[in-house]
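Undergrad: Okay, here's what each chain looks like letter by letter:
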Amino acid sequence: MTTTGVASEMVRGWLQRSMPLVALLLLVVLFSVLSPRFLSLENLANIAVQSSHIGLIAVGMTLVIATGGIDLSVGSVLALSICAAGLAMAPPDAGGAGLDFAWGWGIGLLTGALAGGLNGILISGLGLSPFIATLGMMSIARGVANVMTDGMPVEDMPEAALALGASSVAGVPWSILLWALLAGLGGVVLGRTRLGRYACAMGSNEEALRLAGVRIGPWKTALYVLSGLLSAAAGLVFLGRVSNAQPTAGVGFELDAIAAVVIGGASLMGGRGSMAGTVVGVALMGVLRNGLVLMDVSAFWQQLVIGVVVLVAVLLDRWRTT
Amino acid sequence: MTVAAPPVLSVRGLRKAFGAVRALSGVDLEVRAGEVLVLLGENGAGKSTLLKTLSGMHVPDAGEVRIRDKVLPFGNPAASEAAGIVTIYQEFNLVPDLTIAENLFLGQEPHRLGLVDHARMRREATGMLQRVGLAVDPGRKVRELGVAHAQLVEIAKALSRLDRSGGGVLTLDEPTAALADHEIAVLHGLVRDLRQRGQAIIYISHRMAELRAIGDRVTVLRDGASVCSGPLSDLDDDALIRAMVGRDVATLYPDRTPSLGEPVLEVVDLVAPGFGPVTMTVRRGEIVGLAGLMGSGRSRLLRLLYGDESGRGGNVRVAGRELQARQGPAGAVAAGIGLVPEDRKNEGLALGMPVRDNLALASLERHVRAGLLQSEGLSQSAKNLVERLRIRCSSIDQPVGRLSGGNQQKVVLGRWLARGGAVLLLDEPTRGVDVGARAEIYRLMAELAQEGLAIVMVSSDLPEVLGMADRVLVMREGRPAGWMAGDAMTQEAVMRLATGQEVGA
Amino acid sequence: MFRITRVLLASLLFLGAVGTPISSEARELRIAVVGKGIGGEYWSAVRKGATKAGRDEGVKVTYQGPPTETDVSAQIAILENLIQSGVDGIAVSPCNARSLNRIVRRALAAGIKVVTIDSDTTDKDRLCYIGTDNAEAGAVAARQALRLVRPGSTVAIVTGVLGAQNLQQRREGFTREAAGRLKLLEAQPDNGDKARAVEVTENILTAHPEVALFFTDNAISGPGAGQALRSRGKAGKIRLVSMDVTPDLQGLLNQGVADALVAQRPERMGELAVRTLKAAIAGKAVSKVIDTGVEVVRRK
Numbered sequence: 001m002t003t004t005g006v007a008s009e010m011v012r013g014w015l016q017r018s019m020p021l022v023a024l025l026l027l028v029v030l031f032s033v034l035s036p037r038f039l040s041l042e043n044l045a046n047i048a049v050q051s052s053h054i055g056l057i058a059v060g061m062t063l064v065i066a067t068g069g070i071d072l073s074v075g076s077v078l079a080l081s082i083c084a085a086g087l088a089m090a091p092p093d094a095g096g097a098g099l100d101f102a103w104g105w106g107i108g109l110l111t112g113a114l115a116g117g118l119n120g121i122l123i124s125g126l127g128l129s130p131f132i133a134t135l136g137m138m139s140i141a142r143g144v145a146n147v148m149t150d151g152m153p154v155e156d157m158p159e160a161a162l163a164l165g166a167s168s169v170a171g172v173p174w175s176i177l178l179w180a181l182l183a184g185l186g187g188v189v190l191g192r193t194r195l196g197r198y199a200c201a202m203g204s205n206e207e208a209l210r211l212a213g214v215r216i217g218p219w220k221t222a223l224y225v226l227s228g229l230l231s232a233a234a235g236l237v238f239l240g241r242v243s244n245a246q247p248t249a250g251v252g253f254e255l256d257a258i259a260a261v262v263i264g265g266a267s268l269m270g271g272r273g274s275m276a277g278t279v280v281g282v283a284l285m286g287v288l289r290n291g292l293v294l295m296d297v298s299a300f301w302q303q304l305v306i307g308v309v310v311l312v313a314v315l316l317d318r319w320r321t322t
Numbered sequence: 001m002t003v004a005a006p007p008v009l010s011v012r013g014l015r016k017a018f019g020a021v022r023a024l025s026g027v028d029l030e031v032r033a034g035e036v037l038v039l040l041g042e043n044g045a046g047k048s049t050l051l052k053t054l055s056g057m058h059v060p061d062a063g064e065v066r067i068r069d070k071v072l073p074f075g076n077p078a079a080s081e082a083a084g085i086v087t088i089y090q091e092f093n094l095v096p097d098l099t100i101a102e103n104l105f106l107g108q109e110p111h112r113l114g115l116v117d118h119a120r121m122r123r124e125a126t127g128m129l130q131r132v133g134l135a136v137d138p139g140r141k142v143r144e145l146g147v148a149h150a151q152l153v154e155i156a157k158a159l160s161r162l163d164r165s166g167g168g169v170l171t172l173d174e175p176t177a178a179l180a181d182h183e184i185a186v187l188h189g190l191v192r193d194l195r196q197r198g199q200a201i202i203y204i205s206h207r208m209a210e211l212r213a214i215g216d217r218v219t220v221l222r223d224g225a226s227v228c229s230g231p232l233s234d235l236d237d238d239a240l241i242r243a244m245v246g247r248d249v250a251t252l253y254p255d256r257t258p259s260l261g262e263p264v265l266e267v268v269d270l271v272a273p274g275f276g277p278v279t280m281t282v283r284r285g286e287i288v289g290l291a292g293l294m295g296s297g298r299s300r301l302l303r304l305l306y307g308d309e310s311g312r313g314g315n316v317r318v319a320g321r322e323l324q325a326r327q328g329p330a331g332a333v334a335a336g337i338g339l340v341p342e343d344r345k346n347e348g349l350a351l352g353m354p355v356r357d358n359l360a361l362a363s364l365e366r367h368v369r370a371g372l373l374q375s376e377g378l379s380q381s382a383k384n385l386v387e388r389l390r391i392r393c394s395s396i397d398q399p400v401g402r403l404s405g406g407n408q409q410k411v412v413l414g415r416w417l418a419r420g421g422a423v424l425l426l427d428e429p430t431r432g433v434d435v436g437a438r439a440e441i442y443r444l445m446a447e448l449a450q451e452g453l454a455i456v457m458v459s460s461d462l463p464e465v466l467g468m469a470d471r472v473l474v475m476r477e478g479r480p481a482g483w484m485a486g487d488a489m490t491q492e493a494v495m496r497l498a499t500g501q502e503v504g505a
Numbered sequence: 001m002f003r004i005t006r007v008l009l010a011s012l013l014f015l016g017a018v019g020t021p022i023s024s025e026a027r028e029l030r031i032a033v034v035g036k037g038i039g040g041e042y043w044s045a046v047r048k049g050a051t052k053a054g055r056d057e058g059v060k061v062t063y064q065g066p067p068t069e070t071d072v073s074a075q076i077a078i079l080e081n082l083i084q085s086g087v088d089g090i091a092v093s094p095c096n097a098r099s100l101n102r103i104v105r106r107a108l109a110a111g112i113k114v115v116t117i118d119s120d121t122t123d124k125d126r127l128c129y130i131g132t133d134n135a136e137a138g139a140v141a142a143r144q145a146l147r148l149v150r151p152g153s154t155v156a157i158v159t160g161v162l163g164a165q166n167l168q169q170r171r172e173g174f175t176r177e178a179a180g181r182l183k184l185l186e187a188q189p190d191n192g193d194k195a196r197a198v199e200v201t202e203n204i205l206t207a208h209p210e211v212a213l214f215f216t217d218n219a220i221s222g223p224g225a226g227q228a229l230r231s232r233g234k235a236g237k238i239r240l241v242s243m244d245v246t247p248d249l250q251g252l253l254n255q256g257v258a259d260a261l262v263a264q265r266p267e268r269m270g271e272l273a274v275r276t277l278k279a280a281i282a283g284k285a286v287s288k289v290i291d292t293g294v295e296v297v298r299r300k
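Residue numbers (this note's numbering), protein chains in the order written: chain L, 1 to 322; chain V, 1 to 505; chain C, 1 to 300.
Everything labelled a hint here was simulated from the structure, so no lab data went into it. Ideal Cβ positions, reconstructed from N, Cα and C, are used throughout, including at glycine. It is possible that some hints are incorrect.
Stated by the list, open to error - Label-pair distances were calculated between CB atoms; the ranges are: (1) K194/C to L311/L: 35 to 41 Å; (2) L372/V to M269/L: 26 to 32 Å; (3) P77/V to A195/C: 54 to 60 Å.
I would like the entire structure built from these sequences, with the hints used as guidance.
TA: In structure tokens:
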């Protein structure tokens, strides 16, 4: 190949990888032109806060999708986690245990990790397909959350328990910091740890990985545990934003997270995915929702536009792979 | 054969470039009625571009193709099919969950009153299957058929398409790659039969012995150009290999003077349902070949050793330490065994991942510091392996799926070199690998044995087994049929043991 | 490559076409109506009423809503975005009464007029709540019951969740109106589960064969009770009065299982929301609560 050939190949490769980012920047430019209120620090922070819980879920989803799997239970696990946390923290007269908020958070995170672990065991231990296993967990976690709370929101959370969704540190909302931190860590896990590399290898060819002498089960289970844990973390942000623990929380979050991961360039067949891409995917959807409301576009049109964007992203994805 | 008959297919000066890459740079060939033309060439020599151009999927930059003296329009798959260019690829185009009959008539089902006429379809399908000597119920699903029968179905389908176009050229792309010996015999019989009836055939294969058995003339492709054409009888194997690789390949198999060390793989009474008992000892520096027919238990022995099949009995020791089957491949790898599986694409490689990651797949834990992978070390180790194994890739970041078969195989081998171990199990190490890369893999095997590795190799290619192994264990129906070594290792002796002709003697 | 760029450009242009830049119509008042959802009969009616009022009043009205009725965080995000966009008025139906307190205060602090529709926030910081007076709705249902059965008859009540405020108000209204004229059994909850509503009704029928009429205070208990009446062969013999009009309940009415339905008026909620907001923006005083009334649907 000639030098110009190599160069054009490199440019092409860069464009392919950066396509979601280019689309995001184009959208930002478009909204900035169309709405004078769009491009302000305040509004951009708004978008980040609004996207942070989906962003956190999408970090775990990226890892799971890299294996060629899927986690449909994230929204329900979020609800289960915050209900467990909420019941731990609510005062006794509101039906809770009245524990300190740190205990509540710990219990919430543990609940998420356990649900994820159960997913992992169903998938790698009992050989269920990830779609089926997490579909079951989606219903089970929601059911347990409803049973625990009798279907009613758990009220009267201690003020400290809401910090992740409601307060800031040095002017930066905690939710943004948490998202940035965990997305960064997720990127390191995906790219620079055995777990991440094995996740991609599972998605690319699980049999080859097994025959290379790697025990698939524990690694895969660990990935689903992480997904559950991140759903619970997203739940704590969510809890702060809505100020009570609702068993109905998180319905449909799995679809937003999956869409973000796919927009970010991951393949649902597995083997490919990038944390930076996922962050861009989440941001793209957040910018769309925000910008469309700023432009007085009504809800029906918003649904349509977001659907079109997801499809365009998938078409881009196909172009990338050919 | 009448000299005056015009060729069924003639290709003149075909050229095709993809960007800066010249895939075809002047291909000339012709095939006559009642003739088998063997097409030879290393992977990447341009065979598949040529086939795709003929079938209308690529438009060439220059050149001309004539079918029975009529110019073939390019880039028109329908016109190619109508002209009678029919190709059977390695990967079949059959739908596994449809019946044989439905597959045969896919896209042109006979209709009656707006409904598919199943009765007629079955009737005609039975006739079509008879032509290829296949006596199975056309109502069976293709999924239930073995590879050999599925291929016969493909050929039956191809023949009916040839009939519709009034005869043309049938191309078979490595048709025997996945067949057992007796199945190969059936296929060859069919090809000869078709030739007798005047069919023009292009036959692609890497196996020298096979080409001699089936071909009339040969055209060799190298770097996208036809470099040599002529009757097969005029060219010996060395000449063909020279034409293919463009240089002398002194000998395919390296000279070895094995220096055997202590026993490293000790197998005592290894049994499994329908298998065994096998007892064998392999020493450091030794290459043991496993021969036998397909399904004789050669590959299964490797899988059992590797812990890939649970429920084995007996004793397996590696370097003196007992290896339990329930530990699975992970246990075998930990004990120092490595496996290069038969099916590279499905079992060996993460095709979408870079060369580097594939090389490191079995040794990632070596590169972890403080929980993080050290990319420097990973890249360095990958570069060393690429250099040592002469893996041809644009960089270690290139997805391994883009590499040729031979280079892919070297990556799988390199994975075990990166890990280092005591025993290497090779299952069909050169299947789908072109001659040049094959020689390099043989050289590498010799080197590894020299360095003290114990190698157990399964191969359907008898010359390969005899050329590389110090000892050969022949398997038959799941049992060891006999050992041979030294001068006693001949193709005839192996075949006698493998087919059981000695039992009565 | 170029093909993809074109697709991208086209979708961006499309975005530009459906959205209207604010700057070109700076003088027009902008009001957003935020429902609990975006689909469904009920919210379509709210939207229709609001849009119509917007046309009449010369106000630009947009309808927003979370993808599901339980997605409080999405509803909060919508309100945040609306505050950012600088709308003049917001009418919101809270997905959760408590979760929206904070964001409603934020909107008010930003100088935006806020009213609640259909249901209210717990802190009641908004200018006005526009919706059904649930006690009055209960009383209307009781008056229908009195038309259907003789004075002194026994009436059973099937409710959704005992703790829900709006249902409680409906039962209280019913009880007050029926006091001394009908004999009321203790209200039995089905916890929002239709199958449970069937069971509860069957149990009541067994324990109190003298029951002459069922009152169900929501759109889930009603069909449940109706199904139980029909399977026990009591349809038309024992009367059924229910809150709400849904396709389910309308069907029961047509088949003669239900006798009267007390319907809320979502279209009127949307309409009054816009008119009230416009008045408030113009600096006029507005009342704290506006009852949109109910409508009684009977068999023709």
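Undergrad: None of the hints should be skipped; say for each whether it holds.
TA: Hints versus structure:
1. K194/C to L311/L: 35 to 41 Å: holds, 36 Å
2. L372/V to M269/L: 26 to 32 Å: Distance hint for L372/V, M269/L holds at roughly 27 Å.
3. P77/V to A195/C: 54 to 60 Å: 58 Å Cβ-Cβ, so the 54 to 60 Å window holds.
Going down the numbered hints, you'll see the structure goes against none, and every one checks out.
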